[in-house]
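K.L.:
What follows is the residue order along each chain.
2 protein chains.
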Amino acid sequence: MNGAETLVSTLTDQDVDICFANPGTSEMHFLAALGGNPRMRSVLCLFEGVATGAADGWYRMKDKPASTLLHLGPGLANGLANIHNAKRASSGMVNIIGEHSTSHLKYDPPLTSDIEGLARPLSHWVRRAESAESIAWDTTQAVAKASEHPGQIATLILPGDSSWQQVSAAPVLPAPVAARRKAPSSERVEHVARVLRSGEPTLIILANKATRGGALEKAGRVAAATGARLGSQFFTARIERGAGFVPLLRIPYAVPQAMAFLKDFKHIITVETREPVAFFAYPDKPSLLKAEGTMVHELVEADEDSELAFDMLLQALGATGVSAIVQPRIRTEVPTGALNPTSIAHALAAAMPEQCILVDESLTTGRESIGLTLGAQPHDLINNMGGSIGYATPVATGAALACPDRRVFCMVGDGSAMYTIQSLWTQARENLNVTTIIFANNTYAILKAEYANMGAGTPGERALSMIDIDRPRIDWQAMAKSMGVPSVAVDSAEGFYRAIANSTREPGPCLIEVKL
Amino acid sequence: MNGAETLVSTLTDQDVDICFANPGTSEMHFLAALGGNPRMRSVLCLFEGVATGAADGWYRMKDKPASTLLHLGPGLANGLANIHNAKRASSGMVNIIGEHSTSHLKYDPPLTSDIEGLARPLSHWVRRAESAESIAWDTTQAVAKASEHPGQIATLILPGDSSWQQVSAAPVLPAPVAARRKAPSSERVEHVARVLRSGEPTLIILANKATRGGALEKAGRVAAATGARLGSQFFTARIERGAGFVPLLRIPYAVPQAMAFLKDFKHIITVETREPVAFFAYPDKPSLLKAEGTMVHELVEADEDSELAFDMLLQALGATGVSAIVQPRIRTEVPTGALNPTSIAHALAAAMPEQCILVDESLTTGRESIGLTLGAQPHDLINNMGGSIGYATPVATGAALACPDRRVFCMVGDGSAMYTIQSLWTQARENLNVTTIIFANNTYAILKAEYANMGAGTPGERALSMIDIDRPRIDWQAMAKSMGVPSVAVDSAEGFYRAIANSTREPGPCLIEVKL
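Residue numbers (my numbering), protein chains in the order written: chain A, 40 to 555; chain B, 40 to 555.
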C-alpha cells in the first residue's frame with residue numbers, strides 16, 4: 040500500500056467513511072485510493088466551501104466526523120469560512136490538504152503557500168504527514184482529535200511524496216482512546232441546585248449536545264421540578280424540536296429584544312455555552328445582554344456531559360421522579376393569501392413531515408417565522424453558529440447524506456444562497472432529499488436594518504445600492520435548472536404550502552423560490 | 040469626519056478610487072462613507088473571491104491598486120484564493136477587513152477569528168487600525184505598500200469603533216514616497232552582455248512588467264542584435280501581444296514538453312522571474328526543467344526596472360541602433376466544421392478586435408489554442424499566476440472596469456468557472472464588456488491527463504467519477520440567464536466565430552458556451 044491508500048483505509052477503519060472532495064493534480068494518488076476503497080463514499084463538490092460545509096452537516100446529524108479533500112493552501116482557503124462555522128458549532132472534521140511533494144517545495148512553484156499558517160487560526164490540530172510511514176499514526180490522531188467532545192477541527196497536510204511512497208511495514212497505531220465526556224463538578228451541580236431551590240426567576244440556557252436526547256429530556260424534568268425556564272441562544276448547532284420534545288425559548292437576535300427577554304431573570308445557568316452576547320457591537324448598545332444584577336452560573340462546561348449533569352442535578356433536587364413537560368402538537372391550518380413571516384411559518388408547520396431536518400439561514404424572513412413551527416411534527420433544527428453566510432446549502436447537503444431517509448429543508452435568503460450555490464449540483468448528482476427554499480427579497484435585508492442600528496443614519500442612494508441585489512434580479516429557477524435541480528416559484532401562502540408538500544413526495548432535490 | 044470617512048477619503052486622495060465590496064453589519068459606517076464619497080466607485084460582489092479577483096484584474100490593467108471591503112475573518116478567507124493568485128501575479132491591492140469593535144472582541148462573539156493570522160500567510164503587510172485617529176496614516180502606508188514594484192498585498196483590519204469614532208484633528212500623514220523601481224546592477228548587465236556575445240544558444244525569459252511597453256520592445260532589440268530567443272513562462276501576469284508586438288515563445292506546461300523546449304539552450308537569462316520550475320511534482324520527473332549544464336543568469340530582479348536594464352544592456356552590447364523584430368499580422372480564415380483546439384484558435388484569432396483583453400483559464404482547451412493567436416490584432420493576454428482556479432471570471436470583471444473601452448474575453452473551463460461564477464452577476468450589474476467563453480467538456484479534463492502523469496495508473500470507474508462533472512451536466516445558458524447575462528451555445532467553429540464577433544457589437548456582458 041502507498042501512503043494515500045494507507046490514509047484512506049485508516050480513515051475507514053475508524054469509521055470516517057465519507058470524503059467531501061475537490062481534488063487537484065497533487066491528490067491523484069489520494070483519488071485513486073478513494074476510488075479503490077469501497078468502504079469510503081466520495082462526494083465531489085465543485086467548490087471547497089461546499090465540501091467543508093457538508094462535513095459540518097454530516098457531523099451535526101451523525102455526531103462523528105467526515106473527511107474533506109482540498110487542494111493545497113488556496114483550496115483550504117476556499118473551505119475556511121465553513122470550517123469557521125463548523126468550529127463554532129463544535130463539529131468535528133478531518134481535513135486532508137494536498138501539498139506539493141517535499142522536494143518540490145523549495146522551488147516555490149505557483150501553488151505554494153504557508154498551509155500550516157492558513158490552517159492554524161481555524162483548526163484545533165494541524166500536522167504535516169512527513170512520510171508514508173507515519174500516515175497511519177497521523178490519521179489516527181486526526182480522527183481521535185476530531186472525535187473529541189466538543190468536536191474539533193483536525194487538518195492533516197499530505198505532501199505528494201508521502202502520498203505516493205510505499206509503506207514498508209504494518210502501521211504502528213496509537214492506542215485507541217474512547218472519546219469520553221467529562222463529568223461536571225459536583226460543587227457546581229450543588230451550587231446550581233441551591234440557585235434553583237431559591238425560586239428566583241432562572242433561565243437555563245442549553246447548547247450543543249444538551250439540546251437533544253436524554254440531556255434535553257432531563258433538562259425538561261429540572262424545569263418542571265423547579266419552575267426554571269429553558270432557553271437556547273439565538274443560534275444552536277442542532278435542536279430536537281417539535282411535538283413531543285421539551286421546548287426551548289429562543290433568545291432574540293436584536294439587542295433590545297434580547298435584553299427585554301432577559302431582563303426579568305435573576306439567574307442564568309449555562310449548559311455547554313456562555314452567557315448571551317450580542318452578535319455585533321453597536322455604538323450605543325452593550326455587548327452583554329443580561330440585566331444588571333443578573334447572576335450567571337455555569338453548570339456544564341463545553342467538554343462535559345450534560346445528561347450526566349442533569350442526572351446529578353435531579354438527584355440533588357430530589358426530583359428524579361418528575362416528568363418533563365413536552366411540546367404538544369399544534370395543528371396548523373394551511374394558510375392562504377399573501378406571503379409574510381406568519382403565513383410562511385404556518386405553511387411550513389403544516390407541511391413539515393415527521394423527522395424532517397430544518398437548516399435555517401433565512402436571516403430576515405426566518406427570524407420571525409421559525410418560532411411558529413414549535414408545534415410542528417418532531418424535527419431537527421440546525422443554525423449557523425459562526426455567522427459566516429453561505430453555510431446553509433452545504434450543511435443541508437451533508438445532513439441529507441447523513442440521513443438519507445429524512446427530508447431536509449434548507450431555508451436560505453437569496454444573498455446567503457449565492458455564496459455557495461454550487462451545493463445544488465452535488466445535491467442533484469447524489470439525488471439528495473433536499474428542498475432548498477430561497478427567500479428572494481432581492482436585498483441583503485438584514486443590512487438595511489443594521490444600517491440604522493449601527494447609527495449610520497438612513498442609507499443614501501449609493502449606499503443603498505450596495506445592499507440591494509435586485510439589479511439584476513437573480514432568476515432562481517434558471518439557477519436551479521443550470522445545476523439539474525427542478526424548481527418552482529411561489530408568491531402565495533397556499534402555493535408555498537403546496538410546493539413544500541410536493542417536494543416531499545419524490546426523492547431528490549428541488550428548489551422553491553419564495554417571491555417576497 | 041469619522042474613521043470610515045477618513046479611510047475612504049484617504050484612499051481616493053491617493054488615487055485608489057474603486058472598492059470591490061461584500062459588506063456585512065460591522066462595515067455599515069464604511070458603506071456610508073463609500074456612498075458619501077463621489078470619487079470612489081463601489082462595486083458590489085456576491086462572493087468575496089469575486090472582489091479580490093476583480094482587484095487583481097484592475098491592477099493588471101491599471102498598474103495601480105484597487106481596494107476591497109471584506110467582512111471579518113471568514114469574508115477574508117473567502118477572498119484568499121484570489122489574493123494568492125494576485126500575490127503570485129505581483130498585483131498590488133488594499134484589502135479592508137471589517138472587524139468587531141475592540142471592546143466587543145473579548146466576548147468572543149460568533150464571527151470572531153484571528154484575522155491577522157488568516158491575513159499574514161498571503162499578505163505582505165498587515166495592520167489593525169487601532170483608532171480613528173491613526174486611520175489616515177495606516178491607509179497611506181497600506182496604499183504605499185500596495186503600490187511598490189512588484190505590487191504588494193496590503194491588508195488593513197478595521198474595527199467597528201475605529202470606523203465610527205470621530206477624528207478630532209486633521210490627519211498626520213507620512214511623507215509620500217514615490218514608488219520607484221530599482222536600477223539593476225551594472226555587473227549583472229555586463230555579465231549578461233558577455234553571455235550574449237558568446238553566441239551560444241540563449242533564452243531570455245521575461246515576466247511581470249517586462250512583457251509590455253518599453254521593456255518588451257527593448258528586449259526585442261536585444262534579441263535582434265544577439266540572436267537570443269525571447270520567451271515567457273507558461274503563465275505571465277500580462278503580455279502585450281499580437282501584431283506589432285515583440286513575440287515571446289511560451290515554455291510549455293507539461294514537464295516533458297517543457298524539457299524538450301529548453302534542452303537546446305545553453306543559457307537562460309531571467310528578467311523579473313526565476314528559472315522554469317514544474318507546476319507540480321511527479322514521482323519520476325524533475326522539478327527543474329532546464330537541461331543539465333544549462334546556466335541560469337539573473338538579469339533583472341523582481342523589484343528592479345526591466346526597461347532600464349535593457350537600455351543598459353543595449354549600451355553594453357553597442358546595439359542601441361538595432362530595431363526589434365515584431366510579430367506580423369496573420370490574417371486567419373474563419374474556420375468551419377468541428378470544434379477543436381485549432382479551429383477554436385482560428386475563430387478567436389479571426390474575431391478578436393483590436394485592443395481586446397484575453398483572460399485565459401482554459402487549462403485544457405486553451406493550452407493548445409492560445410499559441411495560434413499570436414498573429415491576431417494587438418491585445419493583452421492575462422494568465423493565472425497562482426494556479427488556484429476560479430481566477431478568470433473575477434479578473435475579467437476587474438479588467439473590464441479598468442478598461443471600459445476594450446472588450447474582455449474570459450476563456451475558462453467549465454470546472455474553473457464554477458468556483459467564482461457569481462462574477463456574472465457583477466458583470467451584468469455594471470454592464471461590463473466581458474464575453475465569457477465557457478469551454479464545456481463536462482470534466483476536469485486536466486486531471487485525467489495528470490492522473491496518468493502522476494503514475495497513479497488508469498483511473499477506475501469510481502476515481503473517474505470524481506473527475507467527471509457531467510452528472511448533472513451544467514446548463515450554461517440557464518446559469519447565464521440566472522444572473523442576467525445573455526448567452527449562446529455553439530457547437531461548430533463557424534458558430535463560435537459568429538458568437539465572438541456578435542458579442543463585440545453591443546456593450547455589456549455575454550456568455551458563449553462552447554460545447555466540446
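Please keep in mind that the hints were generated in silico from the structure rather than gathered at the bench. Treat the hints with care, since some could be wrong.
Pairs count within a copy or across copies, as identical chains cannot be separated in the list.
[What the hints assert, rightly or not] Lysine-lysine pairs mimicking BS3-like chemistry, simulated, CA-CA at most 27 Å apart:
no., residue 1, residue 2
1, K554, K329
2, K103, K305
3, K324, K103
4, K221, K554
5, K305, K329
6, K101, K487
7, K145, K554
8, K145, K329
9, K145, K324
10, K305, K145
11, K302, K145
12, K324, K305
K.L.:
Now, for every hint given, state plainly whether the structure supports it.
P.N.:
Evaluation of the provided hints:
no. : hint         : result
1   : K554 to K329 : neither (37 Å within a copy, 60 Å between copies)
2   : K103 to K305 : neither (37 Å within a copy, 58 Å between copies)
3   : K324 to K103 : neither (39 Å within a copy, 40 Å between copies)
4   : K221 to K554 : neither (48 Å within a copy, 58 Å between copies)
5   : K305 to K329 : within (9 Å within a copy, 76 Å between copies)
6   : K101 to K487 : neither (37 Å within a copy, 34 Å between copies)
7   : K145 to K554 : neither (54 Å within a copy, 40 Å between copies)
8   : K145 to K329 : between (54 Å within a copy, 16 Å between copies)
9   : K145 to K324 : between (51 Å within a copy, 16 Å between copies)
10  : K305 to K145 : between (61 Å within a copy, 24 Å between copies)
11  : K302 to K145 : between (60 Å within a copy, 22 Å between copies)
12  : K324 to K305 : within (21 Å within a copy, 71 Å between copies)
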